[in-house]
Amino acid sequence: MTDVLTIQRKNGTTRVPKAPARSRKRSARPAWEEPPTTVGQAAKGLTFAGVLAVVVVPLWIVVVTSLSTQGAINRAGGLVIWPDGLTFEAYSQMLADTTVRSALLVSFGITAVGTVVSMAVSVLCAYGLSRARSFGHRFLLTLLVVTMFVSGGLIPTFLVVTGLGGYGQWWALILPSAVSVFNILVLRSFYSGTSADLIEAARLDGAGDWRILWSIVLPTSRAVTAVIALFYGVGYWNSFFNVMLYMPTDSEKWPLQYVLLTYVSRGNGMPGSLNAGFGTIQAQTAPLALQMAVVVLTLVPLLLVYPFMQKHFRTGVLTGAIKG
Amino acid sequence: MSTAVPRRAAAPSRRNWRFRLRRDRSLLLMTLPAVVLLIVFNYVPLSGLVTAFQEYDPLVGVRYSEWVGLDQFSRLFTDPLFWGSLKNTLYLSFVQLILFFPIPIALALLLNTVLSERLRNFIQSVVYLPHFFSWVLAVTIFQQMLGGAGALNQFLRGHDLGTWDVMTDPGTFALLVTSQAIWKEAGWGIIVFLAALAAINTEQYEAAAVDGAGRFRRMWHITLPGLRGVIMLMLVLRLGNALTVGFEQFLIQRDAVGHDAADVLDTFSFYYGIATGNYSYGAAAGLFKSVISLLLIWGANRLAHAFGEDGLYRK
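Top line first, the protein sequences correspond to chains A and B. Using the working numbering, the final residue of the first sequence is 339, and nothing's skipped along the way. Using the working numbering, the final residue of the second sequence is 463, and nothing's skipped along the way.
Bound conformation, chain A alone:
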């Protein structure tokens, strides 16, 4: 370790630590690394500022506009960047709208039920395949992985679901996409890593596989389970295409994303006629603040859950399973 101490630094040696640099502070620059140049730091800072702005500024504009009075919107000539007369008018209007209210209910319902179904199926399957040398696990694993590469595609799936009577049914929005093999593989790789000693001990105490899953494996892999639940939940919250396929005309069953699409389409004449039923519910264009309020409404649940999950993303959740 003496090497560390003898490295000459260009501008002074005041911060050279005695111990290996890493142990001093987590964010400390290692002693062997050159001090940063001003230009380099500035360029880096600007790059990150730019990257952050690209993500944050549009969201900021959307939120501010949704909270602006009609006067502020008129003064700004459209979207509002600096708050100038704020009101919750758009939100109370939106929540009074029966379409939005039922869509909100539908979205939460689908997300909740879908996530529970997906998690139950995936956790069981992942554990079922995670025990080394169990009967048939190789065959079953192949059966799963093949579906990641080979699929019947849109039309055969559509024909199967409608053939089973799924048209216009709630289950058509959940069951066909309830299983994500990728998620199962992620869970499985974590469950395989559960301490074998712990499991053997439980087995000697007479615990069966159900008991082991519930009392040992699940509690020791809370983080990954939570992240996978988030993935599923976000997937259900964001889905709209299956609605378009299986219940395009039944506006009472539309989730929020589909309503957002219609509001956008009405507001800006953008994706005019994705379906015949479009644009017939309310003919007039929704005010800008109201449209932005709907955008915010689809965002808020994500933003509420996100901070709880964010810390788990770094734990290598994805990388373990990419090799499948």
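Just so you know, these hints were derived from the structure itself, not from any lab.
Selected chain A positions facing chain B (Cβ under 7 Å, derived; list incomplete):
#1 Val70
#2 Gly93
#3 Phe150
#4 Leu155
#5 Leu169
#6 Ile170
#7 Val175
#8 Asp224
#9 Gln272
#10 Leu317
We treat Cβ as the ideally placed atom computed from N, Cα and C, and that holds for glycine.
We have chain A; now place chain B onto it with these hints.
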């Protein structure tokens, strides 16, 4: 001891499969729901691909529909709309490969030089966020920023610079959808590269620095070789998915920009298959895409193996 032999440790070889079946019956039961769902919604549709060789009639079902051999395919290959979608798909894939692919790598390298853990976490949580947005939301936000009534044109009008409705301009559509993809997914894409960077042994850097290697030589000789495997893997995945450029993204924007620019293979199946009731025709297009995609994955893997990397699966 004889009564408490650990069940799994004592597993006899495959000869005794009855014993293993009995022993693992609860494990098998656990996989059952997932397996059933996959069979019903993945394997049964796979067999439904036979409709590509039929003139499928919803009234009589797959079993009694008329067989037409390769008619759907010969129709497909003489359809200018199909070739247009194929051309768009390949072009968009190429643009994405050039513009999108390097960004997560560059961002990850840059982020890796940020020493403050707090700052790093903050940047990560912001750039990951758009990944969790739906395409409807992402396109809405782009529409609000770049569309005819959006922030960009508000600014242009305010300064008498004319207007440019980016959202409906077919000429720049490839750039638009690529920027959308970058905005939504590039941040999330750094996660695998960060993991690979974290796996590089820091003692190597220290040794190199002591030996007088500067910042860029360290990056060239330590960091990039450390990332080689995962870059190759992502490249294989990208090439294998060359015919998949996104579905919902195009579905949402097709009517604004016109089908000439926005039809890709996936939306082709939808618009000329399901939406018009030509199920067999759409299924043929889907089958074509699946077969070519499999070949591409296989080919990309061969390529990775030729470079001495694992790729998606090992040799």
